[in-house]
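Trainee: The task is to assemble the complex, starting from two chains supplied on their own in separate frames and drawing on the hints.
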Amino acid sequence: MADSDDEYIGSSGDERGKRASNSRKQKGAGDAGKERWEEIQRSWDNVVEGADGSISAAVVGLLEQNKRKRLLKDTTPLQRGIIRHLVLVLDLSIAMEEKDFRPTRFLLQLSHACDFIKEYFEQNPISQLCVIGMCDGLAKRISDMSGNPVEHISAIRKLRANGVEPKGSPSLQNALDMARGCLWNSPTHGTKEVLIVFGALHTCDPGDIHMTIKAMVQDKIEVRIVGLAAQVAVCSELVKKTNSGSLAGYGVAMDEKHFRDLLMANTTPPPTRQANTNASTLLTMGFPSRFSNPGHPTLCACHSNPITSGYMCPRCMARVCALPTSCPACSLTLILSTHLARSYHHLFPLANWVEVARHDVKKRSPKLCFSCERPFPKLAALPPSSTVAATGDLATKRTSNAPVPGVKAVPSISSTGRYACLDCGKWFCVDCDIFCHEEVYNCPGCEADPEGKEKRQREKEALAAKETAQTGQSSAAQGDAMEIDG
Amino acid sequence: MDRVDATEHFAQHAQGDLPSLLVLIIDINPIPWTTNPLSTALPFNTALSNLLLFLNAHLAFSHTNKVAVIAAAAPRGGGAKILYPAAELPTDTKGRPQSRPPQPAPQPGEPNKYRPFKDLEEGVLAGLGKVLASVNEEDDGTDRTVVSETRIAGALTLALAYINRLAGAGADNLGQTLTKGTGTTEAGTMQSRILVVSVAGDVASEYVPVMNCVFAAQKKHIPIDVCKVAGNSVFLQQAADATGGVYMKLDAPNGFLQYLMMAYLPDPAARQHLVLPTQANVDFRAACFCHKKVVDVGYVCSICLSIFCTVPPDNICMTCQTKLAHTVGGMVVRKKKKKKAGTATGSGAGTPTVGTPRP
Numbered sequence: 001m002a003d004s005d006d007e008y009i010g011s012s013g014d015e016r017g018k019r020a021s022n023s024r025k026q027k028g029a030g031d032a033g034k035e036r037w038e039e040i041q042r043s044w045d046n047v048v049e050g051a052d053g054s055i056s057a058a059v060v061g062l063l064e065q066n067k068r069k070r071l072l073k074d075t076t077p078l079q080r081g082i083i084r085h086l087v088l089v090l091d092l093s094i095a096m097e098e099k100d101f102r103p104t105r106f107l108l109q110l111s112h113a114c115d116f117i118k119e120y121f122e123q124n125p126i127s128q129l130c131v132i133g134m135c136d137g138l139a140k141r142i143s144d145m146s147g148n149p150v151e152h153i154s155a156i157r158k159l160r161a162n163g164v165e166p167k168g169s170p171s172l173q174n175a176l177d178m179a180r181g182c183l184w185n186s187p188t189h190g191t192k193e194v195l196i197v198f199g200a201l202h203t204c205d206p207g208d209i210h211m212t213i214k215a216m217v218q219d220k221i222e223v224r225i226v227g228l229a230a231q232v233a234v235c236s237e238l239v240k241k242t243n244s245g246s247l248a249g250y251g252v253a254m255d256e257k258h259f260r261d262l263l264m265a266n267t268t269p270p271p272t273r274q275a276n277t278n279a280s281t282l283l284t285m286g287f288p289s290r291f292s293n294p295g296h297p298t299l300c301a302c303h304s305n306p307i308t309s310g311y312m313c314p315r316c317m318a319r320v321c322a323l324p325t326s327c328p329a330c331s332l333t334l335i336l337s338t339h340l341a342r343s344y345h346h347l348f349p350l351a352n353w354v355e356v357a358r359h360d361v362k363k364r365s366p367k368l369c370f371s372c373e374r375p376f377p378k379l380a381a382l383p384p385s386s387t388v389a390a391t392g393d394l395a396t397k398r399t400s401n402a403p404v405p406g407v408k409a410v411p412s413i414s415s416t417g418r419y420a421c422l423d424c425g426k427w428f429c430v431d432c433d434i435f436c437h438e439e440v441y442n443c444p445g446c447e448a449d450p451e452g453k454e455k456r457q458r459e460k461e462a463l464a465a466k467e468t469a470q471t472g473q474s475s476a477a478q479g480d481a482m483e484i485d486g
Numbered sequence: 001m002d003r004v005d006a007t008e009h010f011a012q013h014a015q016g017d018l019p020s021l022l023v024l025i026i027d028i029n030p031i032p033w034t035t036n037p038l039s040t041a042l043p044f045n046t047a048l049s050n051l052l053l054f055l056n057a058h059l060a061f062s063h064t065n066k067v068a069v070i071a072a073a074a075p076r077g078g079g080a081k082i083l084y085p086a087a088e089l090p091t092d093t094k095g096r097p098q099s100r101p102p103q104p105a106p107q108p109g110e111p112n113k114y115r116p117f118k119d120l121e122e123g124v125l126a127g128l129g130k131v132l133a134s135v136n137e138e139d140d141g142t143d144r145t146v147v148s149e150t151r152i153a154g155a156l157t158l159a160l161a162y163i164n165r166l167a168g169a170g171a172d173n174l175g176q177t178l179t180k181g182t183g184t185t186e187a188g189t190m191q192s193r194i195l196v197v198s199v200a201g202d203v204a205s206e207y208v209p210v211m212n213c214v215f216a217a218q219k220k221h222i223p224i225d226v227c228k229v230a231g232n233s234v235f236l237q238q239a240a241d242a243t244g245g246v247y248m249k250l251d252a253p254n255g256f257l258q259y260l261m262m263a264y265l266p267d268p269a270a271r272q273h274l275v276l277p278t279q280a281n282v283d284f285r286a287a288c289f290c291h292k293k294v295v296d297v298g299y300v301c302s303i304c305l306s307i308f309c310t311v312p313p314d315n316i317c318m319t320c321q322t323k324l325a326h327t328v329g330g331m332v333v334r335k336k337k338k339k340k341a342g343t344a345t346g347s348g349a350g351t352p353t354v355g356t357p358r359p
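In the order they appear, the protein sequences are chains C and W.
Residue numbers for the first sequence follow UniProt numbering, beginning at 1 and rising by one.
Residue numbers for the second sequence follow UniProt numbering, beginning at 1 and rising by one.
Okay, chain W solo, but in the shape it has when bound (with noise of 0.2 Å):
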């Protein structure tokens, strides 16, 4: 019982200083929502509902705390979109906003809605339905057939470009800018993470943005949570094995809001006490390319990192088309390169062999 005194308050209050940024991303790709497992136990409506819910709990710990919400979409459904907050128009010279669409009229209904929820709600839903009609609308005649895979790399590189923008917000004055060096954005000024919800597989051509996407979101200490509603994407569980953040694959997906409140509330600076859900096994088995077969033991081209499961017909690799030798079987082959363009420079003339005369 003594344990319980006012440092532990205090204690809180400097944690609670640093403002904390989420940034949702939603998958909106329609055909797994609307299949029949998923449809019946959390519809779309429900499940947005739920996380409206969500990021009103997050705002709520702490009137600093701020919300971004993107959509992720199919190939072909329309691209990646950042629907909440709507983007600021600039002002013209009479200080009113350029074509900016008829605001809304005031809801009459609900006068005691905390604001900021309230602008969080219609900004949400304003930016879906916009999303949502422009798919409908655009039809320029190319194939529309959508997929059951989500494009993800996009929303993610908006997502970093986005907090990039609100990290480096606190130091916009001339001074701290100028000294500022590479790479030392300060993400000190603000607490970012990232949680994915996702309903979808992955996307195979989108590999490398997604790793690249992970990286700089290493890099910067951001988290990247995943909350897996339905399917089974792989890149997503490495990314949120890469960067620390929370992978959770649902069983009972009707029980939603609970697990994004168990698992996804706290911020990284309360994680650390807390014990949440871990992946026993992630998936890093590489896939080759010349079969698409799952191996533990591979080739690698050593110009381009290529994965083969056998030693390519010819000791030619499929990717760069360079004549590989096969050190284990004996004599290293020498091979003819491919003149690359840049390369020649400095090159054509060759290293002298002949020594400079001594003094």
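Chain C on its own, in the form it takes in the complex (with noise of 0.2 Å):
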């Protein structure tokens, strides 16, 4: 225990304090001696008064600020790990009782996890889970390694009906170790992931934890922690080792609605990296027919339950009663195309939108949102322009035509409320801005237009065609020795 510890410094009492320190240790380097609770924000200094003395049109755009700030996504098409799989490990230690988030640490912990293998098997069915608990300086498992949600949530949910207490120390290295032992055996051809929640700020192990690193370095795991309460160094080497130096994997939530973000984000399949890649493999899976035969109900090879209808083996004609699953007579995995398709978009993401500058709405301009028909603000119900200065540098990247792949929005408010894809050139509001890009992924105006965006493309094309021969002319006036064939 003593040799691994080194951040543990007093009795769990203290942690206010030394997250304060933390902190402090964190921020510290970019502004100069610049304490934390110096720089503060009012929030009244962000609201200009319009014209007519109403703060109304600076609320409007704060809100809009808000709700653009989600959208902030690298939309580069990224080769993923989409087969997944994924050690969640819990922490039930006696820190988890502290109230600084609501109700507790703990039960907040338990229902966000619940959410979070909800959302994990919607974003990657065909992907696996398995959920470990931290307490008494032990790894507990408390369920296996499978595809199906329902399991794991009511494992989380009897932990809580049996009335488990967090208590004891966490052993961050016990749990490491219980979930290598769970990836052991998982294929090459997915990713191996663990995501810890971590409460305390100090860990219990029985022996060398940078062994275990290093161990985990070598299988190729990639650990991400959720912090609760404030930064530990140990954990930031085990993010930093397991994810080739990067420690974007590595947050402290800093309220609950942080907590949250953080765990979902682990949703997202993970970038491959290089040098983390396995070997991609080609999948035999099967796609089962369904049947259904009421009346005559016959038991599933899966939990022997008896069912009217299910899903039939392709290869060895075993019924089973829930999709994904792998066949319990001949493993052989089962899916159906529509699990396939929900990774999709993925792969291929939506672009993002670029704001419409202001000097580009024109008299004749769409005054409606293409998707939604809500009416966009005019313009002169809108903030000036002065306060949102960001804009411009995308004004003119959409002036001049030229769609830059994956341009990553500057985080701005639109200083005219509309928002326009660079595919098909329609406009649309911010809250379909935000529908579109996190929940459908698809364009409304490429799909509902496709002519208009092939139209768009074919113009484009044209004026490219024509910069390049005019900067052929002008370079062939310089020159005046080229001759341009008619």
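These are calculated hints, taken from the structure and not from any lab test.
The C-beta atom is built at its ideal place from N, Cα and C for all residues, glycine as well.
Check before you lean on any hint, since a few could be wrong.
Stated by the list, open to error - Covered stretches of chain C (in silico footprint by chain W; criterion: 3 or more residues with CB under 8 Å from a CB of chain W, positions within the stretch not fixed): (1) 288-296; (2) 361-373; (3) 444-452; (4) 456-466.
What the hints assert, rightly or not - Dumping the calculated BS3-like pairs for lysine-lysine here, alpha-carbon to alpha-carbon at most 30 Å: (5) C:K140 x C:K99; (6) C:K460 x W:K130; (7) C:K362 x W:K130; (8) W:K130 x C:K158; (9) W:K323 x C:K241; (10) C:K158 x C:K257.
Unchecked claim - Not everything, but these chain W residues come out facing chain C in the computed CB check (under 7 Å): (11) G129; (12) V131; (13) A153; (14) G154; (15) Y162; (16) M211; (17) N212; (18) V297; (19) Y299; (20) A325.
Mentor: Here it is, written out as structure tokens:
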């Protein structure tokens, strides 16, 4: 124990003090000598009075900014590990009794874990998950590796129903070792990940945790941690080493919502790192057909429950009651094509839309959101563009008509409340922007008006051709030697 | 007899409070509507009047119920368009709507018609007329050979965006919008559903967008009902199955109105008490990407999830060009991966293998 927890100083009672000092450590490097509590942001400083003395315009702008903040995803299509194997490690130690997250850290963790599991299987239908708890210096298996969300959620609910109380110290090393064991025989084509919720500020280990970290690196297991109290050195080292030097997977929650966001960020399949590449393989999968014979129930091969409708393995004709699963008789992976389709939006993300600049809004330009037909706000009713200086460079990008691939939209409010898709050129309101990027993953303009999109594509190409011709001509004029034959 | 008491009445009231939104997607592809078995059994104008009757019935249930109508067209036959309600144009400074088309003179013959019915009828007919006119007018030299498949993804996306707008409209004031987290737009303010009246087949290239719509609808608990008047559509079958909607292929299209009234009129709250038509056999078979052959045991690329019916030549995935190892045959072959943009960050250094010195 003594050799691994160099961060642990006093009793867990002084966590508050440690948190403050740690957060200072994090921030301190950037702004010379200024304490965190000295930088005060007054919310009323952001509000600019409109011409008529009201602040409604500014409020609308702030609301939009708030909504838009969530959309700053990188939309470069990356290769992602679609087939995931993840071990979720929950902290069941005494530190989780703290009430700084309402109602307690422990209860909030359990409810967020259930939401996480639901969302995880929604986003990654052909992936597997397993839940481990850390308490009393031990790692305890809560649910086994499986692809069925119901099993995990009921196991977590059972924890609560059985009156399990958080107690003892957590042991990172034991949890990591058990996680490694769980991931040991997972196939090479999938990712191996561990996600830890860590509420304590110390770990109580039987051996050298650095050896375990080394083993994790060798096994190509990526570890990500959501801290609840403060940053802990051994955690950041663990994350850094297992993620090829990137600390992006380690976050410390500031409040309940942030905690949830940090957890939910892990539902998106991780981009494949070169250092961590596993062999990609061709998987044999079965696409079963559904059978139903009402009135004549048969036993399913997976749970031995009587069922009247279910799916039949195409290879061995065993009957299973739910998909996706692997056939209990011949261990063929059984899925529906819809499960595969669910992952496609990770592979082909919808490109970000850009803000429409003020001077692009002309008299004849659209007055309604293309998809929901909500009228756009009038320019006069919007806050002056001085409050939104950041739109400038995007505006120039747009007017030059050159769609920059994977434009990273600067976090700014649109001065016009209009957002444009670069492919189809249609304009949308901020609500549709969020809805399309977070839930539908389709552009309504590109889907509803494919001809308009093609037309725009052609125009773009023509424009590009013209430009190159012009530059060619000008260079010809300068050189005065080149002849363009007609 | 003594079971008939007042409690039922109260229960009905409590459920009826939630307004119900019905988004109707009409397939206006001209080819199936004008080919013979359907054109004699159910001409388009009869179908349209039946649909209007059906929508009126929905509106008549409660004055808070709402209706939207969207047209879906064939590729190159005009895009998807919201027909009803007509877009509300922003008013100018004097409160006058900007460039509103001249209002049609009130019909003298029907002074007693219920106003919402009349608005709906006029709105849908006007919208449909406009769409058809625009398709006929527009002649920009594009190939207008109309095919017998219909693009449905655009209409579905529009329907979802419209539902999202109405569902979110209740929480429009400041406080609620601020606290509203990701994806928690209250669907509780309105019960929505989508009904697709489809006469044509699928456009194969639309698989991913349609499926995206289906999953979004599933997440928001919006059932997609499908009334298949003619033709066959695997995508819509899967859509109805995944979202818990009703899928029905009409055996006798001339009884269109009855089908609509019996199977599609009850809203989701009422449906749990009814026995509705179910699909016995949903087509879940996957077609392979290489030969478009329907397979039941196939090979799937672990990177891009493409489906193949046989091991592709040289073990190279045809979609993402990755060299794949086929694990059944023994050794896993290491491959040289294409370097992708973005992955380079943080991966260049690799992982240090030397442990940190112990204290």
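Trainee: So, for every hint listed, does it hold in this structure?
Mentor: Results for each hint:
Here's how the segment 288-296 of chain C fares: 4 of its residues keep a CB closer than 8 Å to some CB of chain W, so the rule of at least three is met and the hint holds. With 5 residues having a Cβ less than 8 Å from any Cβ of chain W, the segment 361-373 of chain C passes the three-residue criterion, so the hint holds. Counting residues of the segment 444-452 of chain C whose beta carbon lies closer than 8 Å to any beta carbon of chain W gives 7, which reaches the threshold of three, so the coverage claim holds. Only residues whose C-beta sits within less than 8 Å of a C-beta in chain W count toward coverage, and the segment 456-466 of chain C has 0 of them, not enough to reach three; the restraint is violated.
Restraint check: the Cα-Cα separation between K140 (chain C) and K99 (chain C) comes to about 24 Å, which is no more than 30 Å; the hinted pair holds. Between K460 (chain C) and K130 (chain W), the direct Cα distance comes to roughly 29 Å. Compliance with the 30 Å bound is thereby established for this hinted pair. Of the supplied pair hints, the one linking K362 (chain C) and K130 (chain W) holds, its CA atoms being roughly 24 Å apart against a limit of 30 Å. As the CA atoms of K130 (chain W) and K158 (chain C) are separated by approximately 59 Å, the hinted pair breaks the 30 Å bound.
With a C-alpha separation of about 28 Å, the suggested pairing of K323 (chain W) with K241 (chain C) holds against the 30 Å cut-off. Using a Cα cut-off of 30 Å, the hinted pair K158 (chain C) and K257 (chain C) holds, with the two alpha carbons roughly 25 Å apart. The closest approach between the C-beta of G129 (chain W) and any C-beta of chain C is roughly 18 Å, which is over the 7 Å cut-off, so the hint fails. At a threshold of 7 Å, the smallest CB-CB gap from V131 (chain W) to chain C is about 12 Å, leaving the interface hint violated.
Of the supplied interface hints, the one on A153 (chain W) holds, with its beta-carbon coming within about 5 Å of a beta-carbon of chain C, less than 7 Å. A hinted interface residue such as G154 (chain W) counts as satisfied when its beta carbon comes closer than 7 Å to some beta carbon of chain C; here the least separation is about 3 Å, so the hint holds. For Y162 (chain W), the interface hint holds, since its Cβ comes within 7 Å of a Cβ in chain C; the closest pair sits about 5 Å apart. Nearest Cβ of chain C to the Cβ of M211 (chain W): about 4 Å, under the 7 Å cut. The hint holds.
Nearest Cβ of chain C to the Cβ of N212 (chain W): about 5 Å, under the 7 Å cut. The hint holds. Hint status for V297 (chain W) relative to chain C: holds, with the closest Cβ pair at about 5 Å, below 7 Å. At its closest, the beta carbon of Y299 (chain W) sits 5 Å from a beta carbon of chain C; the interface hint therefore holds under the 7 Å criterion. With 7 Å as the threshold, the beta carbon of A325 (chain W) comes within range of chain C, its nearest partner Cβ sitting at about 5 Å, so the hint holds.
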